[in-house]
Structure formats: structure tokens, C-alpha cells
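Undergrad: Here is what each chain is made of, one letter per residue.
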Amino acid sequence: MTAGFESADIDHGAASTPDVGEQPPRSGGAGRLGPTGLAGRLASGAEVVGLYALCVIGALGLSALIIVLTGGDAIAVFNALIDGSIRGPGRIGATLGVAAPLLLVALGAIISNRAGLVNIGQEGQLFIGAAFATYVGTKMGGPGPVVLFALLVASVVGGALWSGIAAALKYRRNVPEVLTTLLLVTVAAQLAGYGLKHEWLLLAPPEGRANRQQISKQLDPDTRIPRVEVFGNEFPISVFGAVAAALLVGFLLARTVWGFRLRALGHNERTAQRAGVAASRYGAGALLIGGGFAGLAGGIMLAGGDFGNYTLVPGFPAEIGWTGLLVALVGRQRISATIVVAFVFACLRTGSGFVAATGVERRIADVVQGLLVLALLIPPALLFLRQRRRAMAAQEGRT
Amino acid sequence: MADESSDQVTPAVGTGPVTGPVPTGPAVAGRTAVRLDGISKRYGAVRACDQVDLELTCGRIHGVLGENGAGKSTLMKVMIGLVLPDKGSISINGERVRLLDPTDAARHGIGMVHQHFSLVEPLRVWENVALGDVGRLDPAATKERVREISDRYGLDVDPDAVVGELPVGMRQRVEIIKCLRRDPSILIFDEPTSVLTPAESELLFDTLRNVVVEEGRAVALVSHKLDEIMRATDEVTIMRQGAVVRHAQTADVNAAELAEAMVGRAVSLRSERVALGVVDADIDGTEVPDNHPELAPVVLEIEGLSVRTRDGRQLLDDLSLHVRQGEIVGVAGVEGNGQRTLADVLSSLVVVSSGEIRVDGVTVKTGSAGAMATAGAGVIPEDRHDSGVVLDMTVAENLALVDIADIATVGVINRRTMRETAERLITEFDISCSGPDAPLFSLSGGNQQRVVLARELSRQPKVLVAAQPTRGLDVGAIEYMTDRLRQAAEAGVGILLISSELEEILDLAHRIVVISDGRIIGQMDRSEADLGRLGLLMGGQVA
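Going down the list, the protein sequences come from chains A and B.
This note's numbering puts the first residue of the first sequence at 1, with every later residue one more than the last.
This note's numbering puts the first residue of the second sequence at 400, with every later residue one more than the last.
There could be a bad hint or two in this list.
Which stretches of chain B does chain A cover? Using the computed rule of at least three CB atoms under 8 Å from a CB of chain A, they are [as the list claims (entries may be wrong)]:
#, stretch
1, 538 to 550
2, 646 to 657
3, 810 to 818
Label-pair ranges, simulated between beta-carbon atoms [unchecked claim]:
#, chain 1, residue 1, chain 2, residue 2, range
4, B, D503, A, L385, 47 to 57 Å
5, A, F384, B, I806, 24 to 34 Å
6, B, D782, A, N309, 34 to 44 Å
7, A, E229, B, V809, 51 to 61 Å
8, A, L385, B, R712, 38 to 48 Å
9, B, V519, A, F384, 50 to 60 Å
10, A, L385, B, R497, 45 to 55 Å
11, B, S833, A, F384, 33 to 43 Å
12, B, G534, A, A46, 22 to 32 Å
13, A, F384, B, A804, 45 to 55 Å
14, A, A356, B, I806, 26 to 36 Å
15, B, V811, A, A46, 34 to 44 Å
16, A, R332, B, R712, 51 to 61 Å
Hints were generated in silico from the structure; no laboratory data involved.
Please read these numbers as outputs of a predicted model, since none were measured by experiment.
Note that beta-carbon positions come from the ideal geometry of N, C-alpha and C, so glycine has one too.
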């Protein structure tokens with residue numbers, strides 16, 4: 001008998017279930033089964049960084065290949081992307097203006113996800129939020145700051161209402177939220193479109209339409225989010241708000257009873273229920289908050305000025321909802337990482353505006369983005385698979 | 400593969416001389432059916448099997464005995480092609496083979512009846528039997544075959560019965576038919592009696608005897624229960640920590656010797672002996688626990704509890720019982736008779752259709768999150784991963800799970816308190832882990848169970864529900880668990896012990912109730928416990 005086995009038997013001798021083959025794989029697990037000690041951790045840390053670098057280089061290489069194959073100049077395209085996002089004068093401001101709603105959407109997705117829910121309808125929740133904000137912003141009247149505050153609150157309510165439908169269906173009728181949130185995106189677009197056809201709802205009076213069939217009245221200048229200028233970069237102060245919100249959410253999730261219970265619920269609903277965490281309350285709450293954040297993203301897009309001209313039009317969400325979901329996915333639920341990823345994805349978006357000038361289809365930026373997302377998702381997936389294989393092997397050995 | 404190890408044959412193995420080429424039938428009895436030579440399999444640093452030799456002989460039942468984690472399952476998986484060994488060889492009827500998957504093994508005449516059934520419940524028996532077939536379905540022929548096998552071995556299974564409506568013991572027979580239908584010359588049974596009543600186990604062993612004696616098949620019976628091995632086998636191989644520690648003819652050894660070989664040291668503690676089955680429900684030899692709290696106040700009262708599923712299945716049927724302060728009430732019964740639902744109700748996981756539960760005199764709203772825990776009912780669930788712990792949270796978080804709101808100031812968790820409490824409980828309950836921040840999944844099963852125990856007991860419950868609390872634990876852990884339960888009862892906690900291991904109940908309980916089909920069909924004081932009557936009750940007969 002080797003020492004290795006004996007220690008293993010003492011530590012793990014009691015297999016957790018009689019038949020380990022049936023044990024559900026679990027996430028994040030068993031990383032500690034890998035190399036231990038400082039040297040081991042450094043080595044595996046370097047390995048992780050190397051893996052990420054490899055994947056990103058691969059994605060950029062593939063992007064370059066595609067650009068060249070479609071008759072473009074890869075270097076020029078990458079230069080345009082960087083010019084458009086950070087290098088060009090004032091472009092960082094534009095990028096920040098895009099990053100803020102992305103971050104808010106991602107925060108909502110993270111909260112839903114903590115509770116074990118998959119809310120993928122942010123695009124629709126954002127649209128409804130923006131529509132609510134438009135209605136309040138254009139109809140309410142009164143002192144500018146009050147209207148601004150009211151329209152932001154309305155955007156939160158609108159987004160929460162929209163995800164609330166999914167929450168009600170889930171906890172009353174057991175309909176999976178993955179389906180309902182997704183399908184409600186289409187309904188949201190139709191509903192906003194309907195509102196934009198009727199003056200008593202969102203449609204601007206004839207003189208404010210500027211030859212467009214479906215457009216809302218523009219927000220009055222004093223009901224817009226103030227913009228600031230820092231080193232020649234101009235952006236709405238909602239950027240600070242979004243970062244503050246991110247830090248707050250990070251704190252709430254990590255340190256409070258609410259965050260603790262949300263996590264317990266997300267990992268094991270039955271254990272949570274026994275310990276006093278009602279799925280219907282905490283889960284529905286998480287969905288509502290998630291929708292609220294998406295709605296708020298819509299509100300600051302409308303009143304912030306980086307998306308359209310302070311007006312609501314069909315197609316207003318401009319895929320910020322989808323991209324925000326990707327941000328949360330790539331940020332892997334960590335707030336600090338999510339802030340960075342939101343900025344990177346905003347860069348791709350603002351940069352893509354400059355790509356057209358190189359004579360390449362501007363959609364090429366979407367291809368780059370897609371490949372980058374894949375590149376950033378592959379390493380965690382690989383690491384997870386390897387860890388799980390190790391864990392399974394170790395478990396298997398204990399039966 | 401692994402030629403180098405093929406010459407290492409342990410002299411102790413290798414009993415029967417080769418008699419003839421006939422595959423089955425009494426004539427071949429004594430011939431070696433399958434031989435495993437020097438099988439080694441390691442997973443990382445863990446050696447699941449280390450140079451294991453095993454020989455199954457036609458016409459004999461070979462017991463494979465060992466604790467959880469001794470490597471029995473891995474060895475069996477090697478034999479049916481589920482696991483490829485790193486080293487060693489397998490020969491069947493003297494011929495070297497390489498088993499790549501279970502189909503391969505089946506071709507060579509090896510069949511296994513698994514501990515966990517693989518039956519499709521809404522389908523009929525014959526449909527389940529035909530499931531693995533390819534080509535055209537022939538219902539008449541399949542049914543005929545089921546009937547034929549059923550008659551031959553006295554299994555008494557109706558091919559047209561719907562599997563979902565059959566009791567567990569019957570389902571196992573369906574599994575056996577599935578296996579026998581392919582006419583295997585080598586049969587492996589993995590912990591077959593865990594789902595059976597004592598009477599059903601007897602029947603199973605009769606069937607096995609039949610299979611072996613009449614038809615010269617070779618049978619491997621994997622078990623961690625000594626009495627079973629003593630009763631049903633001809634020879635026995637004992638495994639510990641991945642290696643064979645002893646091989647003997649069953650007639651030449653006694654239970655105590657086997658227990659020692661299995662655990663690796665002398666077994667003296669009584670609960671250990673009970674856990675191992677050395678004391679085989681030895682009613683008269685067991686001292687009856689005293690301090691019988693007849694007049695103590697009732698801490699848990701269940702009255703007329705009924706639970707129906709949405710599709711109308713009755714899981715619990717007008718079930719009533721009570722537990723007094725300091726009393727251990729054992730709920731005996733064959734698995735699948737409502738025990739799980741009962742534990743779920745007491746874990747606030749199920750809303751009851753009717754009936755009432757009072758903890759310490761106060762009616763508790765069933766199914767409302769945390770209501771039972773708040774009322775003072777602790778639970779050690781049957782499957783801790785299901786409703787006992789959160790694997791992806793830390794030890795400290797799991798220990799604080801239920802009372803997290805109590806260690807927070809305006810909603811912000813006081814992490815130092817959480818940590819200190821965890822450190823105290825880790826010491827007090829001797830939880831082996833790298834610290835309060837260790838993720839729970841990094842702990843062994845026994846230590847995870849201790850985390851549950853520590854959390855539930857530290858909340859000073861009025862009543863503690865322990866559902867199959869020692870399942871899957873090794874002997875030392877079982878000992879610890881039963882001691883803790885006894886101590887808790889002495890300290891005045893009312894304990895509801897739900898277990899399908901009769902020995903465990905006889906060992907711990909002051910009073911025994913028997914559950915069958917979702918209702919309590921009999922009860923008796925421990926001092927009046929009568930194994931015959933218990934067995935009948937467990938089989939669903941009101942005796």
C-alpha cells in the first residue's frame with residue numbers, strides 16, 4: 001500500500017454517494033485538486049494567462065485572415081478599430097458612453113445568474129425601459145432634474161415589469177425563464193413599435209418627426225443627463241453612476257445576507273429552501289432587479305446622448321442588451337472583470353464606426369467581436385473541463 | 400496489455416480444476432469462469448485497485464466484501480468493461496480477453512445487476528426487457544421469455560406489469576430477468592439487498608443458489624454487509640484500500656474475522672459491529688437503551704399527514720407519529736415507502752395535502768421556506784448534496800447557512816463572527832478540512848456529513864430528523880455519527896431516525912415505527928422488538 005493511497009483513503013475514504021458515476025458534475029470544483037503550493041499556483045497562473053493570450057492571438061489572427069480574404073487590409077482595419085475607440089480625439093468619451101449601459105445590463109445579468117436564473121431578455125427589457133423613460137420624459141413636464149429623475153425611475157420600472165412577466169410565469173406556472181425572457185424580446189420591440197405609431201403614447205407630434213414615420217419627441221435639453229469633459233473626452237455622468245452601481249452590486253453580492261442567500265439559491269435550491277430562502281421571493285426578486293438594470297440601461301441610453309438624438313426610434317436598443325449579456329458571460333460573473341470587459345466591448349463598438357472608412361464592411365467588427373468572445377470563453381471552458389476530469393477521476397478512484 | 404503482471408497469481412486463488420468445455424450446466428461446476436490477474440487501476444494519486452486477483456468459479460457464489468472506498472466497485476467495473484485497467488489481465492474460460500465496454504463483456508457472458516436500477520418506469524416489464532434489443536420487436540416472444548425465466552427461477556414477475564407500479568423488490572427481479580435473459584455464465588450483483596426487505600433478500604439468495612447450483616453459473620456478490628456474505632456465499636474475497644487482504648472459503652471463517660480483515664483492526668465497539676453486521680440484528684444480545692422518556696413532553700407531533708403528487712400518487716397516507724424529548728424514534732421500512740417524502744416535509748420542501756405538524760407544540764406551515772428550521776426541527780437529509788449542503792460555498796458559509804441573518808448587522812454579514820463560529824464548530828465536531836474557507840466540495844463525504852451535523856446540532860434543535868444518516872460512510876464515521884445522535888438524545892433532543900438499515904434502528908432507537916406505502920403500519924418499543932414481526936411489517940403485512 002502506498003502512502004498516496006492511504007492518505008487519499010483517510011481524506012476521501014467515504015465516497016459521498018454509493019455510486020459516484022451518478023454524481024452531478026459541479027462547477028468551479030476541484031481546482032484545488034490540481035497542483036498545490038505557491039510554485040504550483042504560480043505555474044498554473046502563468047498557464048491560465050498563456051492560454052488566454054493564445055486564444056486572443058488566435059482570434060485576432062483569424063479575424064485578420066477573414067479581413068484579408070474579403071479583400072481588406074487587416075492592419076488598416078485594426079488601426080481603425082483603435083482609432084475609433086480610444087486613439088482618436090475624444091473617442092474614449094464616446095466609448096465610455098457606450099460602456100455604461102453595457103455595464104448596467106451585465107450587472108443585471110450577473111444578479112439573475114447568481115440566483116441560478118438565465119435571463120437572456122435584456123434587449124427587450126432595455127427597450128421597454130427606454131420606452132417608459134421616453135413616455136415620462138416627453139409627457140410629464142416640470143422642472144428638468146425632476147423629470148430626468150422620474151424618467152430614469154420609469155425606465156427601471158419598465159425593465160422590471162418586463163422581466164416581471166417572466167418571473168410571474170416561472171413562479172406561478174413553472175415556465176422556464178430562458179424561454180420567456182428571450183421570447184419577450186420580440187414582443188417588446190412590437191410593443192415599442194406600436195407606441196411609436198400613436199401620438200398619445202410615444203410618437204412625436206408631426207412637426208417634431210423630421211420626416212420619420214416612427215420617432216419620439218426629443219427630450220428637452222434640461223431633462224438630459226449632464227455631460228462632462230475630461231481631457232477632451234466628453235461623456236454623460238451616467239458613466240460614473242454605472243461604475244458606482246457596479247461597485248455597489250459587488251458589495252451587496254459579496255457581503256450581505258441578500259447576496260449570500262442569492263448564491264445559496266443559485267447553487268442549490270433545495271438546500272436554500274430548507275434554510276429559509278424562498279425561490280419564489282429571491283429568484284423573482286433577482287429577475288426583477290435584472291430587468292430593472294436593463295431598463296435603466298435603456299433610460300441612460302435615451303437621456304445620455306450617445307445613442308440617437310435623445311429620441312426613441314425602432315431598433316433603439318441597438319443590441320446593447322445582447323452585448324451586455326456577453327459582457328457578463330465573458331466577465332465570468334466577477335464585477336471587476338465585468339467593468340473591464342464592458343469597456344473592451346464598447347471599444348469594439350465605437351471602433352467599428354471607423355472601420356467603414358477602410359473600405360471594409362463595418363460588420364467585420366462584429367466578426368472580430370464574436371471571435372474575441374469565443375477566445376475569451378474558451379480558456380475557462382477548457383480549464384473547467386480539465387478540472388472536472390480530474391475531479392471525476394479522483395472521485396472514481398474512491399469508489 | 401500488461402503482460403508483465405500476468406504471472407502474478409496469488410496461490411490462495413484458483414480453486415477449481417478445469418473440467419470441460421461445456422459453457423453452463425451443473426457439469427461445469429468447479430471450472431474457473433473468469434479470472435482477474437493483477438488488476439491495477441489508479442486515478443491520480445488514488446489507487447482504486449492495486450494488484451487485485453479474483454477468480455470466479457462456475458457453480459459457486461463468490462462474495463466480494465469491503466467498506467465503501469475499498470475498490471470493489473472499480474473491480475466490478477473492470478469486469479464488465481466499464482473501466483479499463485491500467486495493468487493486469489482478464490481471462491474468461493481460460494482465454495485472455497480485453498473488455499472494452501459492457502457490450503463486449505455481455506458477449507463474453509458477463510452480466511451485472513446494478514445497485515441502481517436502469518428501468519423505464521412508465522413501460523411494462525417486457526418492454527423494459529426488450530429495450531436493449533436491435534431489430535424488430537417481438538412482444539409475444541419477449542413476454543414468453545420473461546415468463547419462462549420468471550418460472551424457472553421462481554421470480555414471479557408478470558411481463559405485462561407496468562414497472563412504475565411495482566415495488567422495489569419486484570423491480571430488482573426485472574433487472575435480474577434482463578440480465579438472465581442473455582444467459583450469462585457470469586453474474587455480478589452489486590449490493591443487491593439494500594432495497595429489499597429481509598424476506599425479499601432471502602428469496603434473492605434462494606434464486607442465486609438456484610442459478611449457481613442448477614446451472615453452474617458463476618456469481619459475484621458485492622456487499623459491505625457481513626451477514627449477507629456469511630449467509631449466501633461459498634467463498635469470499637475481502638478488499639481494503641484497493642487491495643485484496645484476504646481470500647477464504649466462507650465455511651472456514653467467522654463474521655468477526657471477516658470484520659477485522661475488512662476494517663484492518665480489531666472491531667470492538669458495538670455500533671461498529673452493528674454497522675458491519677457482525678451483530679446481525681441480534682435482538683437478545685443487544686442491550687436495550689434505557690432512559691426511556693415515556694413521560695417527557697412531545698417535541699414533534701405529526702398528525703394525519705398526507706402528501707399527494709399532482710398526478711394523484713399518494714406519497715404519504717394519513718401518517719401520524721410523535722417523538723418525545725430525548726427519545727429516539729426509528730422509522731423502519733423498505734426504501735421507497737415514503738421515507739424520503741417524510742424527510743422532505745420536515746425539511747420545508749413539500750407542502751402537505753392534509754395533516755398537521757407541530758414542533759414543540761407549535762403548528763408549522765409546511766413547505767414554507769425555512770419554517771421547520773425556524774421552529775426548531777433540524778434535518779440530516781438522506782442525500783446531503785440534495786438538500787443538506789451547498790457544495791460550491793465554503794465550510795463556514797455552509798455552517799452559517801440557516802442562521803445567516805443572525806450574524807448580520809443591517810443586512811451586512813459579520814464575517815468575523817461567521818469565521819469564529821466556523822472555527823469553533825470545526826474543532827468541536829472534528830471536521831477535517833483546510834479551514835473555514837475551504838470549499839465544501841473539497842471535503843470527503845464523511846466530513847461533509849459532519850458539517851451538516853454540526854450546523855443542525857449547534858442550532859440546538861428541539862427535534863432532529865436523521866434520514867439514512869450513516870449511508871455511504873465508512874466505519875469510523877458511522878461510529879461518530881451514532882455516538883453524536885445518542886448524545887443529542889441524552890441532551891434532550893427528540894430524534895426521528897429514518898433508516899432502511901434495520902440494524903441501525905435496533906441499535907439506536909427507543910421506539911420503532913414501521914412505514915409502508917406511506918403510512919405507519921405498526922409500532923413497538925425497542926424492548927419488545929421482534930425481528931419476525933418487523934420483517935412482516937416492512938413487507939407491508941400488518942402483523
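Undergrad: All the hints need checking, so say for each whether the structure fits it.
TA: Do the hints match the structure? See the list:
Here the stretch 538 to 550 of chain B counts 0 residues with a CB under 8 Å from a CB of chain A, which misses the bar of 3, and the coverage is violated. Using a Cβ-Cβ cut-off of 8 Å, 0 residues of the stretch 646 to 657 of chain B lie near chain A, which falls short of the minimum of three, so the contact claim is violated. With a threshold of 8 Å between beta carbons, the proposed coverage of the stretch 810 to 818 of chain B by chain A holds, since 4 of its residues qualify and at least three are required. The given range of 47 to 57 Å is broken by B:D503 and A:L385, whose C-beta atoms sit roughly 27 Å from each other.
Distance hint check for A:F384 and B:I806: the Cβ-Cβ separation is about 32 Å, which falls inside the suggested range of 24 to 34 Å. For B:D782 and A:N309, the hinted distance range of 34 to 44 Å is not satisfied, since their beta carbons lie about 59 Å from each other. As the Cβ distance of A:E229 to B:V809 is approximately 39 Å, the hint placing it in 51 to 61 Å is violated. In this structure, A:L385 and B:R712 meet the distance hint of 38 to 48 Å, their C-beta atoms being roughly 39 Å apart.
Look at B:V519 against A:F384: about 32 Å separates their beta carbons, and that is not inside 50 to 60 Å. The hint said 45 to 55 Å for the Cβ distance between A:L385 and B:R497, and at roughly 28 Å that hint is violated. At about 22 Å, the beta-carbon gap between B:S833 and A:F384 misses the expected band of 33 to 43 Å. As the Cβ distance of B:G534 to A:A46 is approximately 56 Å, the hint placing it in 22 to 32 Å is violated.
Checked against the hint of 45 to 55 Å, the pair A:F384 and B:A804 fails, with Cβ atoms roughly 33 Å apart. For the pair A:A356 and B:I806, the beta carbons lie near 57 Å from each other, so the given range of 26 to 36 Å is not met. For the hinted restraint 34 to 44 Å between B:V811 and A:A46, the CB-CB distance of approximately 36 Å keeps it satisfied. Against the hinted window of 51 to 61 Å, the Cβ-Cβ separation of A:R332 and B:R712 comes to about 42 Å, which falls outside the hint.
Violated hints, in rising order: 1, 2, 4, 6, 7, 9, 10, 11, 12, 13, 14 and 16; the structure is consistent with all others.
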